[in-house]
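Which chain is which? The protein sequence lines are A and B, in order. All letters in the first sequence, in the order written, are residues 2 to 110 by this note's numbering. All letters in the second sequence, in the order written, are residues 8 to 119 by this note's numbering.
Think of the hints as simulated: they come from the structure by calculation, not from any bench. Mixed in with the good hints there might be a few duds.
Examples of chain B residues lying across from chain A (beta carbon under 7 Å, computed) [what the hints assert, rightly or not]: (1) 10; (2) 12; (3) 46; (4) 57; (5) 71; (6) 105; (7) 113; (8) 117.
Per label pair, the in silico range of CB-to-CB distance [to be verified]: (9) 25/B <-> 51/A: 37 to 43 Å; (10) 10/B <-> 78/A: 46 to 52 Å; (11) 93/B <-> 40/A: 30 to 36 Å.
To spell it out: a stretch of chain B is covered by chain A in this simulated footprint if at least three of its residues, at any positions, have a beta carbon under 8 Å from a beta carbon of chain A; those stretches are [unchecked claim]: (12) 47 to 55; (13) 60 to 66.
Beta carbons are placed, not taken as given, at the ideal position from N, Cα and C, and that holds for glycine.
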Amino acid sequence: GQSLEQPSEVTAVEGAIVQINCTYQTSGFYGLSWYQQHDGGAPTFLSYNGLDGLEETGRFSSFLSRSDSYGYLLLQELQMKDSASYFCAVNTNAGKSTFGDGTTLTVKP
Amino acid sequence: EAQVTQNPRYLITVTGKKLTVTCSQNMNHEYMSWYRQDPGLGLRQIYYSMNVEVTDKGDVPEGYKVSRKEKRNFPLILESPSPNQTSLYFCASSPSQGMTQYFGPGTRLLVL
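Turn these sequences into a full structure, and let the hints guide you.
Below, the structure is given as structure tokens:
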């Protein structure tokens, strides 16, 4: 089966940079995705890595190393509205999608 | 507007009373999926569908059924709900597997 590990909580101050790591175990790896979820809301897509390297989308970047079964989400110029839960999710080539338990990011003024 | 819709948004029911949660997407997506989310946990995949008439089990399929008779709809059926199925349910769709998933607003289910 699949399993993912990510930190449960991260705290940072406004304007700072924070990195959320994700390690995974899976067979038939297809890609690693990142989602943001505010309290009570639906998850929204942030970034996707199918190949090794860095993907940049505005203030958010994501990195993948398939040989290390490791990825991270980098959030720059943190804003208060970035306080949310962040999930990594591994997709397999069979179509399955497994999410980590989420990292709660608290941004302080 | 491109979206995934779920109905109902909130549901209180009793043990054993069959229910269906509907999911519909208007983006012509091939891939659709159902997840449940419990407090402190991530989303756990219940079932997914790569295309019409093609469905497969996710990580927690027990007690659930799905069908994909047409591309836009992917209903979740609980034949005999039990209290341990009390949860927040999300439907999602994607152009194809492995790509960005677009989530519906969620359905909060309470089984008494």
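Quiz item: Out of the numbered hints, which ones does the structure contradict?
Solution: 1, 2, 3, 5, 8, 10, 11
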